[in-house]
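Chain order of the listed sequences is Y and V.
According to my numbering, the first sequence is numbered sequentially starting from 15.
According to my numbering, the second sequence is numbered sequentially starting from 426.
A few of these clues could be false.
[Said to hold, decoys possible] Cross-link-like lysine to aspartate or glutamate pairs, in silico, EDC-like; alpha carbons within 20 Å at most:
#	chain 1	residue 1	chain 2	residue 2
1	Y	K161	V	E455
2	V	K492	Y	E160
3	Y	K140	V	E689
4	V	K706	V	E637
5	Y	K92	Y	E106
6	Y	K140	V	D564
7	V	K690	Y	D141
8	Y	K133	V	D476
9	Y	K161	V	E491
10	Y	K140	V	E455
11	Y	K23	V	E518
12	Y	K79	Y	D141
13	Y	K161	V	D476
14	Y	K79	V	D476
15	V	K492	Y	E26
16	Y	K112	V	D564
17	Y	K68	Y	D38
18	V	K487	V	E518
19	V	K487	V	D476
20	Y	K92	V	D476
21	Y	K99	V	D605
22	V	K487	Y	E130
23	Y	K79	Y	E160
24	V	K702	Y	D141
25	V	K543	V	D476
26	V	K702	V	D564
27	Y	K112	V	E460
28	V	K643	V	E653
29	V	K487	Y	D33
30	Y	K68	Y	E26
31	Y	K48	Y	E106
[Unchecked claim] Ranges of calculated distance between the beta carbons of each label pair, as one might list FRET restraints:
#	chain 1	residue 1	chain 2	residue 2	range
32	V	V615	Y	D33	29 to 39 Å
33	V	R488	Y	E106	30 to 40 Å
34	V	S597	Y	A156	26 to 36 Å
[To be verified] Partner residues are not named here, just some residues of chain Y that face chain V (Cβ under 8 Å, in silico):
#	residue
35	K23
36	T27
37	R29
38	D33
39	Q69
40	E106
None of these hints come from the bench; they were simulated from the model.
C-beta atoms are modelled at their ideal positions from N, C-alpha and C, and glycine is treated no differently.
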Amino acid sequence: MFLLDILKKPPETLRGHLDDFIADTLARCTRCGKCYEACPMTRYSEGLSNADAKQVVSGVLDWLKQTPGNAESVAWLKVCTQSAKCADACPEGINAMKMVRVGQMSAMGSLGLPAEQAKLSGREAKDFFRVINAYSQTQMSAGQVEKWQR
Amino acid sequence: MSASEKITFWYGCNVVRHGDIIHGAIALLEAVGIEVTPAGGAGYCCGTAKDGNLRAAEGMAKRTVEKFNAHGTGQVVSWCASCDRHMNGFMGEYTQPQFELSHFTQILHARRDVLAAKLTRRVERKVMLHRHFGFHEVDVNPLVEDLLRLVPGLTLVESGTAAPGHMCSALSRVPAALKDVTRGLCDEAVARGADTVATVFHSCHRLLCALEGSEPFKVVNYVNLLTESMGLEFHDDYKSWKLAGSEEAVIATVGRERVAAMGEKLFRESMLPELLKQPVK
Ligand code: SF4
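Construct all of the structure, not just a fragment, from the sequences and the given hints.
Below is the structure:
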């Protein structure tokens with residue numbers, strides 16, 4: 015196992031990295047629920063008013079396994095604002111904030127779940143890059159845009 | 426990093442609304458003796474907004490890292506908490522960055538003695554910092570507070586609160602939370618007698634700057650407070666647009682020619698609603 019770890023090449027794709035992260039998280043997470051309990055955002059979701067921390071985390075781990083998680087896990091994924099309290103709270107040293115983010119990706123259907131099982135929208139803001147380019151025109155010279163942003 | 430070294434200043438995407446912040450930040454880096462290669466906008470996107478399309482996210486991340494490697498500075502200094510987090514947590518995990526990543530606040534703070542000598546103008550303000558606790562990669566709040574303490578004439582009013590999330594944009598997806606944070610900020614600033622609320626990140630500035638229209642304090646990014654003390658002036662266009670009020674007034678303030686150059690349809694459909702939207706508390 016140790017030799018295999020040494021020989022293992024670092025991932026060269028985002029998907030490869032996510033697969034490694036998911037495997038590591040599933041192997042190490044004890045489902046203790048401390049990450050959920052540390053979250054300052056849960057009070058903003060009615061769906062979480064009576065939620066059990068361990069159940070919510072189990073649901074998130076289901077998303078990591080590319081299986082639709084329970085309703086409480088979706089409610090948690092929806093209110094995450096990246097406060098990072100969860101990451102600091104995890105006794106296993108798991109980046110729980112990243113766990114939630116990867117759970118969101120899965121719930122958007124980005125990891126391969128069929129669209130009908132997706133629970134979050136993966137759509138970005140309308141005209142995102144056109145708007146960025148338009149604002150740039152107003153705040154920089156044409157030369158700066160060309161030099162700094164191409 | 427020695428004072429004569431070169432850096433790439435990675436300002437990000439959404440901050441392009443705030444040229445005053447970008448130009449001011451570059452002026453501050455140069456003032457402490459750094460040679461700056463600015464990089465940002467769509468061409469240097471980190472891909473963090475592409476969680477719904479991982480192929481696109483990966484393409485953007487790889488292209489951006491390759492461009493930074495090609496700069497050859499060996500040092501990328503981020504402005505945006507979200508870009509910084511995405512580089513550390515995702516992009517750097519499957520690419521081969523040939524640079525160190527630091528945050529703008531760390532670079533300035535490490536050179537605060539040099540900076541202090543350039544801050545010669547008095548800025549007579551009672552300033553309270555708008556803080557978040559979510560950017561755990563870099564503890565920016567004490568760094569910015571230390572920098573503001575260098576400004577002659579400026580009184581820093583200690584804030585006893587910090588908002589969830591790494592920036593206010595993260596709170597936008599939970600409107601009730603953004604409302605609570607906005608109300609709490611206003612109440613605290615008034616209770617502590619601050620005449621200025623200083624924002625740290627651009628997205629907080631974007632969402633809060635229009636409070637000036639209804640609250641008894643100004644909203645200024647900390648970069649502008651530092652450059653003001655250096656005797657430099659960078660106008661906050663975005664705030665003027667947000668405070669304009671009506672649709673017609675916004676268009677007049679932005680300028681009809683500029684609106685035409687950006688594209689009237691794009692402006693009306695995808696920019697005007699944001700500029701008309703006011704903070705809710
Ligand atoms: S705190 Fe860590 S170990 Fe406990 S449930 Fe959360 S991620 Fe798993």
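**Asked** Does the structure break any of the earlier hints, and which numbers would those be?
**Response** Violated hints (numbers, rising): 5, 6, 10, 12, 13, 22, 23, 25, 26, 27, 30, 32, 35, 38, 39 and 40; every other hint is consistent with the structure.
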